[in-house]
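K.L.:
Fit chain B to the known structure of chain A by using the hints.
Protein chains in written order, with the numbering used here: chain A, 366 to 774; chain B, 366 to 774.
It is worth saying that the hints were derived from the structure and are not from the lab.
Heads up, a few of these hints could be off.
To be verified - Chain B stretches covered by chain A per the calculated footprint, using a threshold of three residues with CB under 8 Å from any CB of chain A:
1) 482-495
2) 593-602
3) 608-621
Claimed, not checked - The following residues of chain A were derived to be distant from chain B, with all beta-carbon distances above 12 Å:
4) ALA419
5) PRO427
6) MET501
7) ASP538
8) LEU539
9) VAL595
10) ASN616
11) ARG627
12) ALA687
13) ARG765
In this text, a Cβ means the ideal position worked out from N, Cα and C, and glycines have one as well.
Protein chains: 2
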Amino acid sequence: MRAAPSQEEVRRHNLGTLLRFVHLRGPASRATLAESLGLNRSTIMALTADLTAAGLVREELPRRPGRRAGRPSLVVRPESTRVYVLAFDAGVDRLAVARVGLGGEILDRRETVRDRSSFDPNDLVGALAGAARSLMRKAGRDSVCVGAALAFPGTVRRSDDQIMFGPNIEVGDLSLGDVLSRRLGLGIPVAVRNDANLGAQAEHERGAGVGCDDLIYLHGDVGVGGGIIVGGRLLGGQDGFGGEIGHMVVNPGGRPCACGSRGCLEAEVGERTLLDHAGREERPDLIGRDAVRAIVDAADRGDVVARDALHRVGTWLGLGVANLVNVFNPGLVIFGGTLRDIYLGSAAQVRSKVATSALAAPRERVRLRTAELGDDTTLVGAAEFAFADVLADPVQVLARLRSPEGSAV
Amino acid sequence: MRAAPSQEEVRRHNLGTLLRFVHLRGPASRATLAESLGLNRSTIMALTADLTAAGLVREELPRRPGRRAGRPSLVVRPESTRVYVLAFDAGVDRLAVARVGLGGEILDRRETVRDRSSFDPNDLVGALAGAARSLMRKAGRDSVCVGAALAFPGTVRRSDDQIMFGPNIEVGDLSLGDVLSRRLGLGIPVAVRNDANLGAQAEHERGAGVGCDDLIYLHGDVGVGGGIIVGGRLLGGQDGFGGEIGHMVVNPGGRPCACGSRGCLEAEVGERTLLDHAGREERPDLIGRDAVRAIVDAADRGDVVARDALHRVGTWLGLGVANLVNVFNPGLVIFGGTLRDIYLGSAAQVRSKVATSALAAPRERVRLRTAELGDDTTLVGAAEFAFADVLADPVQVLARLRSPEGSAV
Chain A
366 MRAAPSQEEV RRHNLGTLLR FVHLRGPASR ATLAESLGLN RSTIMALTAD LTAAGLVREE
426 LPRRPGRRAG RPSLVVRPES TRVYVLAFDA GVDRLAVARV GLGGEILDRR ETVRDRSSFD
486 PNDLVGALAG AARSLMRKAG RDSVCVGAAL AFPGTVRRSD DQIMFGPNIE VGDLSLGDVL
546 SRRLGLGIPV AVRNDANLGA QAEHERGAGV GCDDLIYLHG DVGVGGGIIV GGRLLGGQDG
606 FGGEIGHMVV NPGGRPCACG SRGCLEAEVG ERTLLDHAGR EERPDLIGRD AVRAIVDAAD
666 RGDVVARDAL HRVGTWLGLG VANLVNVFNP GLVIFGGTLR DIYLGSAAQV RSKVATSALA
726 APRERVRLRT AELGDDTTLV GAAEFAFADV LADPVQVLAR LRSPEGSAV
Chain B
366 MRAAPSQEEV RRHNLGTLLR FVHLRGPASR ATLAESLGLN RSTIMALTAD LTAAGLVREE
426 LPRRPGRRAG RPSLVVRPES TRVYVLAFDA GVDRLAVARV GLGGEILDRR ETVRDRSSFD
486 PNDLVGALAG AARSLMRKAG RDSVCVGAAL AFPGTVRRSD DQIMFGPNIE VGDLSLGDVL
546 SRRLGLGIPV AVRNDANLGA QAEHERGAGV GCDDLIYLHG DVGVGGGIIV GGRLLGGQDG
606 FGGEIGHMVV NPGGRPCACG SRGCLEAEVG ERTLLDHAGR EERPDLIGRD AVRAIVDAAD
666 RGDVVARDAL HRVGTWLGLG VANLVNVFNP GLVIFGGTLR DIYLGSAAQV RSKVATSALA
726 APRERVRLRT AELGDDTTLV GAAEFAFADV LADPVQVLAR LRSPEGSAV
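So that you can see chain A by itself, here it is in the shape it has in the complex:
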């Protein structure tokens, strides 16, 4: 129970709110900002001046001035190329690193294939750091990196970014964020978060979930991850482990799961199970998304075995979704990663199971959708997370990063 904020806290809050507005919604006139944020224009001018001085936004004449008489309202534009973050996405088969500018534009990116049989975490760190350094070399000399975050397919403890459980990429006890941060040498920490949690935030802020404050994001890679937005905020739980939908048991006594239990959603709808049902486990050349897509394509062409495999998986996926609909009453359930393909190939089964297993009231209010950010959902989520500090307290964070003790790049 805290009382209302001080004047200085109000100013910081307003600076962050204005910056977040142009970051998420794009350049905006002073008039639009004043109206949208409920502040008068002199306050907007003062805030914009502070953000301009810090190098976070610039003001310019609108490219297409309106028809209204009089002086056009200046447009406030985020300094997209000068202020950026590093976003890392560790997929089981694919590593992606991007330099993302304030405003959300992906300025530059690197992707490499990851070898599933690699069990040396140094390979992972080496590949991510190498790609990031190559991106940074191409960044302008007056640009500044304001944050970095890694999306990881595992359960991550919020207090120290430690990976507690992540059977699909071996990292042992390695403090992945710390090691990566040292390798980058930027003097800024690299936050590590669950990939599906970040995907949920990305879809909520920039994807299929914009405007929907209660949504569930299901992410398929090899396993099944989840991220849940409740009342506009990510469900983290007590320690940041929240959203492990993949380990909700949907079929007691069902298929064994990597977590040690049986019949988890992940065990019933994960990649290995789908491949198994489709009789594709003998083709080790085809794994991951390519293998899943091949099954969906085969089913489309009338392959009975592929279709049956998708139907079996879709029925369990539908039961999992029904449970989530009952427990969360979400406005949206979004399927991303390989679950995007699996859902598209089994939508009828998913919907049919939701129809029989979810209560009418929440069922009639939920929409099922695929991730709008496509393969970049988790990467964009990492970028948004990396921007969090500067959006919370823009001027202070920039001052710190640009001070002699801080590290400007």
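P.N.:
The following block gives chain B in isolation, referenced to the frame of chain A:
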């Protein structure tokens, strides 16, 4: 994205914060308030003066002055007997109505047995309204009723308090809150909310969950309800249907459920199933809590059939809890209503199933507890909900209620 609040909003927020503090934590000195709320003492004095003028608190010398030299700090005390709410609790077998004072004290109460075979909603309304009127007759003439709320065992739509699904008490299309409000004639609305949702809030604010911002409350009456606190706030979902844990399918193809699905948690651990397993369905004289307690007692005395029935139910309950632990990473799971008894009679099975089906990381952080408010959990939740308006904007709400157009009692 809103900017920071105005001065007037700050004042209202501070008034509400101060009033909420003494409402939930009891009388507090000005010094304690200043420190706890992060405000200076002159602000506390001004706020207290406003609340005193509105008749919401009074200031008095501490009953046991401290040993410190100098003038003792005045103690701010909620006007418990003059400012109250009406709390209604519609259990399947028991109706409870209470007059609850600001500060949370139950000033007076009425309880009546409800006949399960009654399908006339007018019986329900009549019994609740009659009990409330008898309570109000005993209230002081200078007292004021500032809100009313009803805990109901069903899915309730937040926008209009309509009951969407509630198979255990028949109300049809009746707008229960509106009808009850008219019967009371107080000129104040009667909010209707899901009983387990209210129970979760009550345990969070005044029970086993104080200080824990991520918790799950499971409520057994005939069926199984749920209320979930995420980041300190009730999970309502898009329409207020959130928390229907009882209709999470734990046993696909299992026992038929009143919702039309099969193998829901409610179908596997509800009262009828327990009685069925225990071979007690032939004793129609013993129903509800009494019947559940009789089975727990029999198991305690070594009755093998009763023990086996509890074990079967406890295993499904454990699986449901394991799923919730994985999805929510809660600090606490609290068992209330008849699930309190069932949990106490099957804790070993519940814990064993959680041990095998929940991920280690969240499992090691969760505690399982019984409701600290006992049989009053949902009733207290209704009272807290009824206080919400006056706590959000104390002076305005009181002024409105006491104005000639408002209705003072």
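K.L.:
Hint by hint, say whether it matches the structure.
P.N.:
To see whether the hints hold, each was checked on the structure:
1. Judged by the Cβ-Cβ criterion of 8 Å, the segment 482-495 of chain B is not covered by chain A as claimed, because only 0 of its residues qualify and three are needed.
2. Against chain A, the segment 593-602 of chain B contributes 7 residues with a C-beta closer than 8 Å to a partner C-beta. That satisfies the three-residue criterion, and the hint holds.
3. For the segment 608-621 of chain B, the proposed coverage by chain A is satisfied: 9 residues have a C-beta within less than 8 Å of a C-beta in that chain, meeting the threshold of three.
4. Its beta-carbon lying about 18 Å from the closest one in chain B, ALA419 of chain A satisfies the requirement of being farther than 12 Å from that chain.
5. No beta-carbon of chain B is positioned within 12 Å of the beta-carbon of PRO427 of chain A; the least distance is around 21 Å.
6. For MET501 of chain A, the condition that its CB be more than 12 Å from all CB atoms of chain B holds, with the nearest at approximately 31 Å.
7. Chain B leaves ASP538 of chain A outside its interface by the beta-carbon criterion, the shortest separation being 14 Å against a cut-off of 12 Å.
8. With a closest Cβ-Cβ approach of about 17 Å to chain B, LEU539 of chain A is found to remain outside the 12 Å limit, as its non-interface label requires.
9. Not every CB of chain B is more than 12 Å from the CB of VAL595 of chain A (nearest about 5 Å), against its label as outside the interface.
10. The beta carbon of ASN616 of chain A is not kept farther than 12 Å from every beta carbon of chain B, the shortest such distance being approximately 6 Å.
11. Once the 12 Å rule is applied to beta carbons, ARG627 of chain A is inconsistent with being away from chain B; the minimum gap is 8 Å.
12. Taking the minimum C-beta to C-beta distance to chain B, about 7 Å, the non-interface status of ALA687 of chain A is violated against the 12 Å cut.
13. At the 12 Å boundary, the C-beta of ARG765 of chain A stays outside the reach of chain B, the nearest C-beta of that chain being 23 Å off.
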